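Asker: Listed here are the chains, written in short residue letters.
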Amino acid sequence: MFGLWGSAAVGVTVFLLLHVILWRVFPSDLPRIRLLALLSLIGMASSIAVHLRFHSRDPIELYAVCAIDVFAMVLYTFFYAGLARSVSLTLMIRFLQSRLDSTDLEILAEEYAASTRFEDRIYLMQESGLVRVSGHSVSLTPRGKQLGFWSRALGRWLQAGLEG
Amino acid sequence: MLAVMTSIVIASLAAAIVLLLVIGIHLAYLAISRSARVGGAPMTFLTLAGVGVAVLWVGLEWLMMSGWIEANSGPGLSVGAVCFYLAATIVYVEIRSLLSRGYSLRILIDLMTHGKELPIEDLKSSYGDGLGVVGILAKRLETLKSLGIIHVNGKKVGPLTRQGHLLAGLGLSLRRLLKLETVG
Chain R
1 MFGLWGSAAV GVTVFLLLHV ILWRVFPSDL PRIRLLALLS LIGMASSIAV
51 HLRFHSRDPI ELYAVCAIDV FAMVLYTFFY AGLARSVSLT LMIRFLQSRL
101 DSTDLEILAE EYAASTRFED RIYLMQESGL VRVSGHSVSL TPRGKQLGFW
151 SRALGRWLQA GLEG
Chain A
1 MLAVMTSIVI ASLAAAIVLL LVIGIHLAYL AISRSARVGG APMTFLTLAG
51 VGVAVLWVGL EWLMMSGWIE ANSGPGLSVG AVCFYLAATI VYVEIRSLLS
101 RGYSLRILID LMTHGKELPI EDLKSSYGDG LGVVGILAKR LETLKSLGII
151 HVNGKKVGPL TRQGHLLAGL GLSLRRLLKL ETVG
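Protein sequence lines correspond, in order, to chains R and A.
Numbering (the working numbering) for the first sequence: 1 to 164.
Numbering (the working numbering) for the second sequence: 1 to 184.
It is possible that part of the hints are untrue.
[To be verified] Covered stretches of chain R (in silico footprint by chain A; criterion: 3 or more residues with CB under 8 Å from a CB of chain A, positions within the stretch not fixed):
| id | segment |
| --- | --- |
| 1 | 24 to 35 |
| 2 | 53 to 63 |
| 3 | 78 to 85 |
| 4 | 89 to 98 |
| 5 | 112 to 118 |
| 6 | 121 to 134 |
| 7 | 145 to 157 |
[Said to hold, decoys possible] Here's a subset of chain A near chain R, in silico, CB distances under 8 Å, partners left out:
| id | residue |
| --- | --- |
| 8 | 30 |
| 9 | 104 |
| 10 | 120 |
| 11 | 127 |
| 12 | 144 |
[Unchecked claim] Chain R is nowhere near these chain A residues, computed Cβ spacing over 10 Å in every case:
| id | residue |
| --- | --- |
| 13 | 50 |
| 14 | 51 |
| 15 | 54 |
Because the hints were derived from the structure by calculation, they are not lab data.
Remember, it's a predicted structure, so these values are computed and weren't measured experimentally.
Where a beta carbon is used, it is the ideal one built from N, C-alpha and C, also for glycine.
Start from the sequences, fold in the hints, and give me the full structure.
Answerer: As structure tokens, then:
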């Protein structure tokens with residue numbers, strides 16, 4: 001049993017190391033989820049290789065190792081999405097860094113509106129091909145329209161509020 | 001070998017069936033209790049997902065005893081099926097979270113609703129069907145308050161709680177480690 005978790009841990013470690021090294025050496029504003037998925041596959045391959053080399057070739061054990069890796073990578077992706085884009089986390093960090101005891105909601109809102117965070121999000125969406133920015137105006141690309149359409153449909157089906 | 005592969009397929013199918021049942025019950029609960037719909041009743045789903053783990057584990061034990069899957073497969077089959085099931089529940093939660101609170105998705109919906117090109121300032125002020133920036137912040141702060149991360153008293157916001165300090169510090173360190181600069 002230890003072999004399953006040990007082998008899976010190797011894969012997760014390989015994934016995390018590659019992730020940190022690549023993100024530090026090649027920083028980017030984009031979330032790079034596809035690259036993260038590729039790193040997960042490399043991590044999983046490492047787990048399988050370690051298990052085959054040091055434990056057994058039992059298909060059921062290999063299935064379990066893959067499953068543990070998939071669970072760990074999906075959990076990390078969930079966590080990473082929040083780390084990379086969370087407005088709430090940005091708010092919390094603002095309070096931590098400014099060492100403020102308290103402030104008015106209006107002052108916070110003015111600060112946020114005056115900052116470029118909203119514009120930064122629009123430009124990131126442009127880099128992802130979802131919107132087109134011309135001058136100071138924004139419009140949807142066909143890809144953005146498709147994503148918006150399917151999100152609305154899925155939101156209705158899953159009864160999710162789409163409130164933002 | 002065929003028996004082993006069949007066992008893996010059956011265990012995975014069992015995980016998929018339990019997942020669909022859990023999601024189905026969650027959606028039925030949301031449909032019935034409309035007041036819970038906006039938040040998506042996360043605690044209800046977590047409870048259902050936990051029950052799903054138990055049902056799946058017991059179900060796999062029963063399948064082993066009935067001879068549907070290899071009896072001498074050890075805990076590997078159950079561990080594997082449960083991990084895939086848990087991964088899929090996380091995906092469901094993430095999709096729901098993105099749909100209900102996704103910042104970029106909401107911008108897309110706002111643009112679709114207007115049906116034309118919009119100046120960035122107008123998009124900002126009409127974000128979230130008219131909620132605007134104040135609305136985004138107020139919503140996020142309400143959630144942070146309910147999670148015990150920050151003190152909110154009427155229009156006064158802050159300070160962070162002790163838990164909030166720890167989480168903010170961890171988040172800041174990780175953003176610096178991964179050089180994530182242009183964020184939410």
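Asker: Take the hints in turn and mark each one as holding or not.
Answerer: We went through each hint and held it up to the structure:
no.	hint	verdict
1	24 to 35	holds (count 3)
2	53 to 63	holds (count 5)
3	78 to 85	holds (count 5)
4	89 to 98	holds (count 8)
5	112 to 118	holds (count 4)
6	121 to 134	holds (count 8)
7	145 to 157	holds (count 8)
8	30	holds (5 Å)
9	104	holds (6 Å)
10	120	holds (5 Å)
11	127	holds (7 Å)
12	144	holds (6 Å)
13	50	holds (15 Å)
14	51	holds (18 Å)
15	54	holds (17 Å)
Every hint from the earlier list agrees with this structure, and none is contradicted.
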